[in-house]
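Number of protein chains: 2
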Amino acid sequence: MEVNGTEMTSAEWELMRIVWTKGQASSTEIIQLIQLKKDWSESTVKTLLHRLVSKNYLSTVKEGRRFIYTPLIDEGPAVQQITTDLFSQICDMEKGPLLLKLLKDTTLSQADIASMQAALTVKLPNAPTEIHCHCLPDDTCAKCC
Amino acid sequence: MEVNGTEMTSAEWELMRIVWTKGQASSTEIIQLIQLKKDWSESTVKTLLHRLVSKNYLSTVKEGRRFIYTPLIDEGPAVQQITTDLFSQICDMEKGPLLLKLLKDTTLSQADIASMQAALTVKLPNAPTEIHCHCLPDDTCAKCC
DNA sequence: TTTATTGGTTTACAAATGTAGACAATCATG
DNA sequence: CATGATTGTCTACATTTGTAAACCAATAAA
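As given, the protein sequences belong to chains A and B, one line each in that order. Using the UniProt record's numbering, you'd call the opening residue of the first sequence number 1 and step up by one each time. Using the UniProt record's numbering, you'd call the opening residue of the second sequence number 1 and step up by one each time.
Treat the hints as calculated values from the structure; they're not laboratory data. Among the hints, erroneous ones may be present.
[To be verified] Okay, derived cross-link-like pairs now, EDC-like style, lysine to aspartate or glutamate, Cα gap no bigger than 16 Å in a straight line:
no., chain 1, residue 1, chain 2, residue 2
1, A, Lys101, B, Glu12
2, B, Lys101, A, Glu14
3, A, Lys143, B, Glu75
4, A, Lys38, A, Glu75
5, B, Lys46, B, Glu12
[To be verified] If you want a taste of the chain B side facing chain A, the calculated C-beta under 7 Å gives, among others:
no., residue
6, Arg51
7, Val79
8, Asp85
9, Leu86
10, Ile90
11, Leu100
12, Leu103
13, Thr106
14, Ser109
15, Asp112
16, Ser115
17, Met116
18, Pro128
19, Leu136
[Unchecked claim] Listed next, the stretches of chain B that the computed footprint assigns to chain A, with coverage defined by at least 3 CB atoms under 8 Å from CB atoms of chain A:
no., region
20, 14-22
21, 117-126
Glycine included, every Cβ here is placed at the ideal spot set by N, Cα and C.
Please construct the entire structure, taking both the sequences and the accompanying hints into account.
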């Protein structure tokens, strides 16, 4: 994710997952829920929430004494973004095998599988025989060249 | 990646890609190659290489005055590892659409596509109708429950 | 209304990371 | 052999991240 120059950190991401999942939540709820998974102090979570707000990932609405936190970005695009970022750092030659493994290791619904099959069928005709690594600008590559 | 407790950082990863691609390389080569992509000073690259050596990602062999750097871990497993780590932080419900997008956006060889098709065919019969989010321990989920 | 509790704000600090200068050893060359 | 170029080592420092205590305001309970 990249909003106004600041990235979301791993710890912050875990809190976002909670807010995304619940739609919105108070800090108390968030603290309770995160502590089922992580051994973070109340204070730590508060700090993290604070940072998420200043980074514009969460907005707050005061409800009585407490705050209700709501995501300012949707989960789908966020997930897409961080994954795309990661993939951009991976050698093209590795991506095929990598995706194959991910397909195998991930629990997918029948509908997911069907749409992937469709996508692959579309891709196949124009697919190249082999993939080249673009890690280096030219022919200095020991892997594909 | 997780070797002896220390993670590889993003900047370090970029250097590993070069060494992986070339099989092995001297610092001079590495500096030259990385500077085609990144605006890093010579000194910075040296520091990063040093850290990679102490983190046991690279080994060195002295050849005359200079060092030859060689990867101590293979690229495939490393790529797999970081991706798996990322996926473990993503809601199960997002993974299907996410993978679909990755399939579409990635250049895949015919062979890659074929093996994915095969894998999907195998998976389909036992695939569930729908996927549940496991972000929260129970039924407090606004997405799937 | 006094006090305990709850929840938000500030401040703090160590470790990791990005970034690089300064210095030292080695080697090639005049 | 003296010197400049090459390459490695050490030191440095700002920023980001993880982690949390201390403090303060508002509210609920006594």
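Item to check | Violated hints, by number in ascending order, as checked against the structure | outcome: As far as the earlier hints go, 1, 2, 4, 6 and 8 are violated by this structure, in ascending order.
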